[in-house]
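Q: Each chain is listed here by its residues.
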Amino acid sequence: MIKKITLFAALVLMSVPALAIDTGKAFEDPEMQARYERLIAETRCVTCQNQSIKDSNAFIAADLRREIRRLMVEGKTNDEIADFLVTRYGDFVLYRPRMTGKTLALWIAPFVLILFGGVALVRVVRRRMSMPLDDEDKAGGASV
Amino acid sequence: MNRYLLPLLAVVIMIPILVMGLRSDPSELPSQYIGKPAPQFDLPTLKDATKRVSNADLSGQVSLVNIWATWCGGCRAEHPFLMQLSREQKIPIYAINWRDNRPGALAWLRELGDPYVASGFDEDGRVGIDWGVYGAPETFLVDADGHVMFRYPGPLNRAVWEREFEPRIAELSK
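As you go down the protein sequences, you meet chains A and B in turn. The numbers in the first sequence follow this note's numbering, run straight up by one, and end at 144. The numbers in the second sequence follow this note's numbering, run straight up by one, and end at 174.
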């Protein structure tokens, strides 16, 4: 039984590469390949939103992968490649949008919310701390 | 009373933001080219690979650039309306046949009619990417100076035409 399960698990694991979209390597150089994979993982597929172009089989994703590869071969920097994408599809296409006037709110909002939550938390805790510890002591006291 | 003021303020601020979120369609990507020159293109035409169609053909007139392909269901849906538009001769319709195969696309035009002044044949989809296309069909309204005035993603029909295109075209021809 255990043997069967092991065999099954091994077969399932072996099939995982078949699920990958790009099985072929884009670059021989491992450093370039790593950079390429990072770039395509951070680029949103514009037609199948909520997927990166690394994870998508849509052909616009394949086209964008090809374009990114071409730009890398041409020696473009990551910033220039991001420019290429943003010019055509807007900030939305980058999973890590750059800090500009338009995306400032995206970057600041989390910290504002944390600050807001933190202040609220401190206030609630302070108020609770100044309350009597035991329920019995509260008898006759103001209920909050 | 004071302790309700802050939450109330927060709600009052949040409601319009959330309503805006509900109303906007998150799958619709605004074109980056509105008010800007149309991206450069220079493609062989679908009918004759030795001829070219490019930005130069668009200049001097208000025109449509329609992105279509035979694999695209919405393109089939809008095709009869494009035929009507071309019969009415209101506006020249140019096309970019996007990521398609030539024989299939030519058969489509023979079968359903050809509403286009010219179709550029964008076999590998590079012009599509340059135009910021994210799905077919898409239709761009280009003014006489070659600026993109409007982009509509999805199939055209009479209602969309009257609502989205006619007022803009009227504005341009003033």
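Careful, some of the hints might be misleading.
[To be verified] Pair ranges (Cβ atoms, derived):
(1) B/164 x A/100: 25 to 33 Å
(2) A/57 x B/12: 43 to 51 Å
(3) A/51 x B/162: 30 to 38 Å
(4) A/113 x B/172: 24 to 32 Å
(5) A/51 x B/30: 16 to 24 Å
(6) B/59 x A/79: 55 to 63 Å
(7) A/31 x B/48: 40 to 48 Å
[To be verified] Here are the simulated BS3-like cross-link-like pairs (lysine-lysine), alpha carbons at most 27 Å apart as the crow flies:
(8) A/54 x A/76
(9) B/47 x B/174
(10) A/76 x A/25
(11) B/174 x A/76
(12) A/102 x B/174
(13) A/102 x A/76
Hints in this document: simulated from the structure, not taken from any laboratory. All C-beta atoms, glycine included, are put in the ideal place defined by N, C-alpha and C.
Q: Does each hint hold? Answer for all of them.
A: Verification of the supplied hints:
1. Roughly 29 Å separates the CB atoms of residue 164 of chain B and residue 100 of chain A, a value that falls within the hinted 25 to 33 Å.
2. Between residue 57 of chain A and residue 12 of chain B the beta carbons are some 45 Å apart, a value that agrees with the proposed interval 43 to 51 Å.
3. At roughly 35 Å, the beta carbons of residue 51 of chain A and residue 162 of chain B sit within the given window of 30 to 38 Å.
4. A beta carbon spacing of about 44 Å between residue 113 of chain A and residue 172 of chain B contradicts the range 24 to 32 Å that was offered as a hint.
5. The hinted range of 16 to 24 Å is satisfied by residue 51 of chain A and residue 30 of chain B, whose Cβ atoms lie roughly 20 Å apart.
6. Against the hinted window of 55 to 63 Å, the Cβ-Cβ separation of residue 59 of chain B and residue 79 of chain A comes to about 33 Å, which falls outside the hint.
7. Distance hint check for residue 31 of chain A and residue 48 of chain B: the Cβ-Cβ separation is about 46 Å, which falls inside the suggested range of 40 to 48 Å.
8. Among the hinted pairs, residue 54 of chain A with residue 76 of chain A is consistent with the structure: their alpha-carbon atoms are about 19 Å apart, no more than 27 Å.
9. Restraint check: the Cα-Cα separation between residue 47 of chain B and residue 174 of chain B comes to about 35 Å, which exceeds 27 Å; the hinted pair is violated.
10. With a C-alpha separation of about 19 Å, the suggested pair residue 76 of chain A and residue 25 of chain A falls inside the 27 Å cut-off, and the hint holds.
11. For the hint linking residue 174 of chain B to residue 76 of chain A, the alpha-carbon distance of about 44 Å lies beyond 27 Å, and the restraint is violated.
12. A C-alpha spacing of about 33 Å is found between residue 102 of chain A and residue 174 of chain B, which places the hinted pair above 27 Å, so the restraint is violated.
13. Of the supplied pair hints, the one linking residue 102 of chain A and residue 76 of chain A holds, its CA atoms being roughly 25 Å apart against a limit of 27 Å.
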